[in-house]
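From just these sequences and the hints, can you work out the full model?
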Amino acid sequence: MQFIYRVHAVERMFQRDIEDVDVEYVIKNGNVIESYTDDKPYPSYLSLEKNGATLVFKNVPALVCDNCGEKYLAGKTSKELLVKAKEIAKSGVEIDIRDYQKVA
Numbered sequence: 001m002q003f004i005y006r007v008h009a010v011e012r013m014f015q016r017d018i019e020d021v022d023v024e025y026v027i028k029n030g031n032v033i034e035s036y037t038d039d040k041p042y043p044s045y046l047s048l049e050k051n052g053a054t055l056v057f058k059n060v061p062a063l064v065c066d067n068c069g070e071k072y073l074a075g076k077t078s079k080e081l082l083v084k085a086k087e088i089a090k091s092g093v094e095i096d097i098r099d100y101q102k103v104a
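Residue numbers (this note's numbering): 1 to 104.
Since the hints were made in silico from the structure, they are not lab data.
You can trust all of the hints, since none of them are fake.
Pairs of lysine-lysine, DSSO-like flavour, derived with a Cα cap of 27 Å:
| hint | residue 1 | residue 2 |
| --- | --- | --- |
| 1 | 86 | 76 |
| 2 | 86 | 71 |
| 3 | 50 | 84 |
| 4 | 58 | 71 |
| 5 | 58 | 102 |
| 6 | 84 | 102 |
| 7 | 28 | 76 |
| 8 | 84 | 71 |
| 9 | 58 | 84 |
| 10 | 79 | 50 |
| 11 | 90 | 79 |
| 12 | 86 | 102 |
| 13 | 102 | 71 |
| 14 | 50 | 102 |
| 15 | 79 | 102 |
| 16 | 71 | 50 |
| 17 | 58 | 79 |
| 18 | 76 | 102 |
| 19 | 102 | 90 |
| 20 | 76 | 50 |
| 21 | 86 | 28 |
| 22 | 28 | 79 |
| 23 | 58 | 76 |
| 24 | 28 | 71 |
| 25 | 76 | 90 |
| 26 | 50 | 86 |
| 27 | 58 | 90 |
| 28 | 58 | 86 |
| 29 | 90 | 50 |
| 30 | 28 | 84 |
On a predicted model such as this, the values are computed, not experimentally measured, just so you know.
Below is the structure:
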């Protein structure tokens, strides 16, 4: 099963220390309300903030809804970003900007 996360969800997962395995468990045991099968991937960016640290990832591959512009991330992309963001945040930086293509 492929997971796709809203950018907002990934931001909140990082802020609240919610693991992707917990989210995936809930998704596997729930119902899909709506899917966007015709969306195409577009480059995007993701800014994560937690405990005074601001992390920005540029060129993140995202799916964008043609109707509303909402951005979504594939499950694999979300996992990679959250792992890397936690590593960077632990280093004590206040602001960090990285290119996703170089850290993934």
